[in-house]
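Protein chains in written order, with my numbering: chain A, 1 to 103; chain B, 1 to 171.
Since the hints were made in silico from the structure, they are not lab data. Computed from a predicted structure; not experimentally measured. By construction, the Cβ of each residue, glycine as well, lies at the ideal position given by its N, Cα and C atoms. Hints should not be assumed to be uniformly reliable.
[As the list claims (entries may be wrong)] In silico contact screen, one side only, chain B against chain A (beta carbon under 10 Å); selected entries:
| no. | residue |
| --- | --- |
| 1 | A17 |
| 2 | L37 |
| 3 | F41 |
| 4 | S46 |
| 5 | L72 |
| 6 | R75 |
| 7 | Q91 |
| 8 | P99 |
| 9 | D129 |
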Amino acid sequence: MITPDPFEQKLSSLHPRALPPEWRAEILGRAAVAGASQPRVKGPPRWLAWGWGAGIAASLLLHFATPEDPASVDSTDHLTALPRADIIHAWLAYNHSDAYLQP
Amino acid sequence: MPDRRRQLERLYDAHGAGLFRYLQGFVRCEADAKDLLQELFIRLASQPLPGGLNSERAFLWRIAHNLAVDWLRRRGTRDKAETTLAAEPLQFFQTAGDPDAAEFARHVEGALAELPLEQRSVAQMKLWDGLTFEEIATVQGIPLNTAASRYRYALDKLRARLRPLYEEIQP
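Just chain A, with the same shape it has in the complex:
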């Protein structure tokens, strides 16, 4: 900490003028009015915020639940893998045979 020299002290000892007392009420009054009339920054209504939140959550859920590579879907289900006509023919052939009557 540098100690001020006598000249600095002499300068510092001068008293700056005070503001006119009537300014206080004027400036603070105007500031209060202007501050009160400022539009408050409000968020969206609560129901809308919840709706947006739910929508975003659903989108994220679907995004992460869906595999990125469609080929990776398990295709080992033979019923769905076979053509529908082949299934029908196999079923009809089985019903019209009497194989089920054999002991």
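Mind docking chain B on chain A? Use the hints.
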């Protein structure tokens, strides 16, 4: 809301006069400086002081500095008459009381008016508003060493200008 009002009153009482002097040092006109002070307090009324401030004083003076710089930019090029007027000394100090002190104060006002704005503003903040060099650097967005050297230059010029009178009034 009453808390906000009380905070504004406290800020005005603690810093209003210093902020006004700082603004007046830039705009050199009492009415314009008052308008800028009003604008500053409207801003403070519109949004609270941010939490965790290192220096409330530096924050306020920084707003004042920005307002003053914006004002100077808006004014743009001044005509010669205004520039001449700008060099006129402002009544900066209370002059009631001791005639020697009043005489010294008038000379200091004259010497301050002759300083470049960048030196005068730093000297004002340091000598009469008690800001540290760190705070002054924050206010004006300058390096700490620049703030210190501007103060030193200002002090040297004031000393040279006031030396005859200063020696004369030494006890």
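Consistency of the hints with the structure:
1. A17: 5 Å, holds
2. L37: 6 Å, holds
3. F41: Holds, about 4 Å.
4. S46: 5 Å, holds
5. L72: For B/L72, the interface hint is violated, since the closest Cβ of chain A sits about 22 Å away, which is over 10 Å.
6. R75: Status violated, d = 22 Å.
7. Q91: B/Q91 check passes; min Cβ-Cβ to chain A is 7 Å, inside 10 Å.
8. P99: This interface hint is violated because 14 Å lies over the 10 Å limit.
9. D129: 8 Å, holds
Hint compliance for this structure: hints 5, 6, 8 are not met, and every other hint is.
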